[in-house]
Amino acid sequence: MTMKIPDPSVLVTVTVNGRGLMLPKGKNLLQALLDVGHYVPHYCYQPALSVAGNCRLCLVEIEGRPKPEISCNMVVTDGLKIRTDSELIDDCRKGMMEFLLMNHPLDCPICDRGGECMLQRYSMEYGWGTARTVDARRRFVKPQFDPLIDIERNRCIMCTRCVRFCDEVGNDHVMGVFGHGSRNYIGTFGNGPVSNPFSGNVIDLCPVGCLTSKPFRFEARPWELRQTLTTPRHANGIVTAWTRGGRLLRVTPPARRRHGLYTIDEDTTRFISNEVRFGSLYTDNEDRLLEPLARGKDGKLVKSEWEPALDRAAEALKACKPGEACFIAGERSTNEEFYLLGRLARAVCHTPYIDWRGRFVSESAAQAAGVALSASDGDFDLLDKKAYQAMLIVAAGDLYESAPDISLRLREGARLKRTRLGLIDSRVNPWLGDLAETAWLEQPEKIAATLIALAEALEKGKDPANAPQGMEKLFKFVTAEHGLLVLGLDSAGGAIAPELVPAALRILRALGVGWHFLPVTAARNAKGGFVAGAQSDRVPTGRMIDPELRVKADEIYGSAIPADPSPAAPGLLEMAAQGKFKVLVLHRCDELVHHPRRELIEKAIAATPMVIAIDVFPSWITERAAIVFPGSMFMECDGSMTDIDGTLQRMSKGCRVPGNAQEEWRIIELLGLKLGDTRRSKRAHEIFADLARAWGRPDVTLDSITLKQPGPEAPQGTHNYFGVIKRPDFKLHSSERPELAIAANSNATSGRSDLLTLWWIQHSQGPDHLGSRSSQFDALRPRPRVELSTADAARLGLKNNDWVLLEGGSEQPSQVLVNPTLAEGVVYGAANVLGLRLADGAGLPHVNLMPADAPAAEILEQEATARR
Amino acid sequence: MPELNTTSALATNDLYMRHRADIDAIVARYPIRQSALMPILWLIQEEDGWISDEMMKQAAEICECTPAEVLESVSFYQMYHREPVGKYVLGICATLPCALKAADGLYAYLSEKLGITWAETTQDGLFTIQRRECLGACSEAPVMLVNQELETKLTREKIDRILEECRQGKRKPYFTGRNGYRA
Amino acid sequence: MLIDFIKGLAVTFKHIWKKPVTFNYPEVKRPQPAFYRGRHRLQRYSNGLERCVACALCAAVCPPEAIYLEAEENDPKRPVGAGERYARLYQIHQIRCIWCGFCEEACPEDAIVMGPIFEMANYKRSDFVCNKEQMLDAPDKGFGEPIVLKVNQPL
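Protein chains in written order, with this note's numbering: chain R, 1 to 868; chain F, 869 to 1051; chain C, 1052 to 1206.
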């Protein structure tokens, strides 16, 4: 589907240093100059943030004006004549540099920013070279600050980037400039933490060494590090992994090449969440699987060699009749791993039972998610290019907690005025809500009905007169010609997805071809599982029931595959719990470790005689497995991931896999070889080539997708020895829009008015198989907390910070937070933080809130110190 | 966004509950709630003589902004005190014209006489010396603010006289709040 | 032939009575000039604190990459170095080192200097990796006072 992208603005001639340049009219002058490669020094200007104009370093001389002016606060106009290289400008820069350095301590040898500091760079390029200061420099006390961000106020140059970042991107004015005159300083109220899930970005944004990373403090000098442009295993996006001697030391947005060296890009527009920045440091955890484990005769897991362990696993799989082995792929597997697992299951073991959707609590939810993904053609890049006039986010506000990186991409679109924002949700998060043009608060059970009411009205025509009663604003909002419908799939484990997805598909048809659809889930490689053939009803070429596509898939797999349909992962687990399988292969099933339906998974593992697990960290699952194969960390592994919008991201190998561990795709292939498969790949590239063939784009290679540079304006390619390599313009979209019958509402209220509907999420900063293993991440761990609407709190006589128990959900006491923007009759909480346990996956869970005693003071204190 | 029910959200806010009528009147004067911040801070200072962190948090709640925003204002304006001050606050101008007329000598004399330095309060709780930015009377330099009264063309004798007047209670203390002064 | 033999002996006898130019090493050691680039020394301040702040400029400038160091935060209660951080590990590979003295030049803290020691024979290759303890000066050999900046901005 093509989409009309608005024309780039009109180009006008601007004379820069006597040379004519064609710049887009109305654009920020400094940004326009930077875009065409004319570098102007700047500190306070950041492309993603508002203009502050307080560093005065981007001064330009303008013909016809008496004094030099700052280019960051000026727009490109026709016939503008500026100079950036005159003697006056040189003098101004020198003077400004001297002012900025007046109170700056000369501790570059100690400063963590040394080597990638803009102050160092500019003082070499534009500064005086000597200090004329004779008086004592201003020196502040070093306070206790954020648990993960270190502050050294003496080095601050008052660019206020951090303040603006927290204010604009974090939507919370948590940092501020205090004091006045020469004695002002940055900080937080009471030196508290910078409390938003993106706070780590202030470290990159700081052009000097004022805000530095505590986990990275004094670990290494930046020039000693090796950079790998890669993608994390547990969140969307592209990052640079900085390693030294095989140890991951820090993770930042993609680094920038500057003077032949890579440094932090402080002008980045691609911010990453703390989940990625600090959570990725789980790689440092010592408690890692480095040897294959096999259960001995005495029933204990003992260290083993690869050969015997593989032999045992292969023997067990060989002994299976078709349909007796079951494969569950974790949602964080790479595309290659998904493909190889699909191939191993279908073409080698001849079993149809493979799926990746373990995250969802019920079979119907997982199936609905699969249907939604098959209609997913929304594109973040189009959002950045202002192709969508409107963006309607349905039931996905909780992504702020569960997948902040996706959520940020969406919000940045609205914040930078690239689209208008509308919300339909059970809980309106002020972070999104403050930007929303229209917000519709609805109980979870009724969201689908709201969508259908809108769809019915739209089917009559886009005339405002057709708007349903009370929905005029919302109706007007969706009458935009081009738009993006974002649908959250995994709130409450997907409990409302079975009704929501058909309703969303119906409204999409009513909205017309101009609207794109983007189902979002916190599952990292959901789209990868879908396109790489690890889904029960999909092969890499497409839908399994399509005979033509199946033949193609047979060709790529190299063997005929079973045609029977298979249930999704929740269904497979239930079959396993009934003892239907002889072998259960769990490939990096991170989402099952802290799953609310733990009982089911325990039963499935207990009922299967042979459980083979591939994992990097020990967990209760690996402890119960018969054979455990040790896998690799994200910077030790080659492959590719698919972002939720279909962008392929390269996962590059930056260092060797330590010990006796292996890259996962190699483990799966070795297992296949033992089972009589003949294919053996030297590199992940060969596996990717198979996938590219299946997708009908053999020109796309693993190397070519590495080249993606962030930012809409950045060139989409890179130079190498042979010339320019372009990143292929390729996204994994699937725009099947099957017509589904609207399911009967299985989520009708329980009938008991005292019960509340539990609307739960998996918190990205809560217990997680990977992220929470980062020791640095302890400080961010959220407290057990449930949210209640104002009306419910009043009815139950609860107020903020009261302790309650969720009867029928969790045994852990949690604190109440009264949220005025939560639908009535709903209680909201994070399953992995609360330790939620669900007996079954049928519909939305209902709970009763019981007042509880506060935990003992020492427990609270321990938690508080861990957090500090 | 559903409208936030302000009165119920502020039910636990001591400051609001104590000065409900005053605060409502102040808030009603401005189109944006946050604009009411400075008069509310003044209200706090009149009552307590200074603005504590707890009060800043409560003011933030009333004005629907973050405590950091309140602290920005409080720390920017020097007439808001972030620590308890004496009955008489002597604000010495520390800007250029007064400095040229030997304001530092004035400070040295005061500091020696009272035995305190910048931002400190005397043992008897009477005097606090503070650094002030330009007070707008450069032609009369050096100048000093005694509570709200401007004293110009200061000499040692004049300072002695002012201190004596303060000690005898001839000068009025500015704040007449509930909690009185630190004594 | 005999004449040549006598000529040769004459030279020998002439030198017998001259003062020898060689030293009786290892009993006698030749004094080294002040600028001699021998084995590295790590210097201290007069209060015994190490001068090195582990900025790694020596490692960065070292042409054969013979220097490896790892930094750690200095505990203000039990300081090791004068700065905020110090080198927990400081190693110089004496076989790799080409004795160019760039490290000495790059050091912003006057911490590393080339010393007079030139006797570096060892039995094992691994013994040529010189650790911080081997290179550090004696605690009483320090000089100069560390710069301590006073806090002048109470918040």
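Where hints are given, some of them may not hold.
[What the hints assert, rightly or not] One-sided excerpt, in silico: chain F residues whose CB lies under 8 Å from chain R:
1. E929
2. E937
3. Y948
4. T990
5. L994
6. Q998
7. E1001
8. A1005
[What the hints assert, rightly or not] Restricting the straight-line Cα-Cα distance to at most 30 Å, the calculated cross-link-like pairs of lysine-lysine (DSS-like) are:
9. R:K731 x R:K682
10. R:K582 x R:K674
11. R:K462 x R:K473
12. F:K969 x C:K1069
13. R:K300 x R:K674
14. R:K318 x R:K300
15. R:K25 x R:K603
16. C:K1201 x R:K94
17. R:K446 x R:K460
18. C:K1183 x R:K214
19. R:K142 x C:K1128
20. C:K1069 x C:K1080
21. R:K81 x R:K67
22. R:K303 x R:K682
23. R:K603 x R:K300
24. R:K303 x R:K653
25. F:K925 x R:K799
26. R:K214 x C:K1192
27. R:K214 x R:K446
28. R:K300 x R:K81
29. C:K1192 x C:K1080
30. C:K1201 x R:K142
31. R:K386 x R:K318
32. C:K1201 x R:K214
33. C:K1070 x C:K1080
34. R:K653 x R:K603
35. R:K214 x F:K925
36. R:K582 x R:K297
37. R:K385 x R:K473
38. F:K981 x C:K1201
39. R:K142 x F:K969
40. R:K476 x R:K460
Hints were generated in silico from the structure; no laboratory data involved. Bear in mind that the values here come from a model prediction, so they are computed numbers and not experimental data. Using N, Cα and C, we set each Cβ at its ideal position, and we do this for glycine too.
Hint by hint, here is what the structure shows:
1. E929: 12 Å, violated
2. E937: Hint holds; E937 (chain F) Cβ to chain R Cβ min 5 Å, cut 8 Å.
3. Y948: Since chain R brings no Cβ nearer than about 12 Å to Y948 (chain F), farther than 8 Å, the hint is violated.
4. T990: 24 Å, violated
5. L994: Violated, because the Cβ-Cβ distance from L994 (chain F) to chain R comes to roughly 27 Å (cut-off 8 Å).
6. Q998: Where the cut-off is 8 Å and the nearest Cβ of chain R is about 13 Å from Q998 (chain F), the hint is violated.
7. E1001: 7 Å, holds
8. A1005: Violated, about 19 Å.
9. R:K731 x R:K682: 26 Å, holds
10. R:K582 x R:K674: 18 Å, holds
11. R:K462 x R:K473: 13 Å, holds
12. F:K969 x C:K1069: The hint is violated at about 83 Å.
13. R:K300 x R:K674: 25 Å, holds
14. R:K318 x R:K300: Between K318 (chain R) and K300 (chain R) the Cα gap is close to 24 Å, so the pair holds against 30 Å.
15. R:K25 x R:K603: Not satisfied, since the Cα-Cα distance of roughly 65 Å exceeds 30 Å.
16. C:K1201 x R:K94: 28 Å, holds
17. R:K446 x R:K460: Holds, at about 22 Å.
18. C:K1183 x R:K214: At roughly 26 Å apart (the allowed maximum being 30 Å), K214 (chain R) and K1183 (chain C) satisfy the hint.
19. R:K142 x C:K1128: 16 Å, holds
20. C:K1069 x C:K1080: Given that 30 Å is the threshold and the Cα spacing comes to 20 Å, the pair holds.
21. R:K81 x R:K67: 14 Å, holds
22. R:K303 x R:K682: Holds. K303 (chain R) to K682 (chain R) sits at ~27 Å (cutoff 30 Å).
23. R:K603 x R:K300: 19 Å, holds
24. R:K303 x R:K653: 26 Å, holds
25. F:K925 x R:K799: 19 Å, holds
26. R:K214 x C:K1192: Violated - the C-alpha atoms of K1192 (chain C) and K214 (chain R) are around 35 Å apart, more than 30 Å.
27. R:K214 x R:K446: Outside the cut-off at roughly 45 Å; violated.
28. R:K300 x R:K81: 79 Å, violated
29. C:K1192 x C:K1080: 22 Å, holds
30. C:K1201 x R:K142: 12 Å, holds
31. R:K386 x R:K318: 54 Å, violated
32. C:K1201 x R:K214: Holds: K1201 (chain C) and K214 (chain R) sit about 24 Å apart, inside 30 Å.
33. C:K1070 x C:K1080: Judged against 30 Å, a Cα distance of about 16 Å means the pair holds.
34. R:K653 x R:K603: Cα-Cα ~37 Å, so violated.
35. R:K214 x F:K925: 28 Å, holds
36. R:K582 x R:K297: The hint holds at about 19 Å.
37. R:K385 x R:K473: 26 Å, holds
38. F:K981 x C:K1201: 26 Å, holds
39. R:K142 x F:K969: 35 Å, violated
40. R:K476 x R:K460: 14 Å, holds
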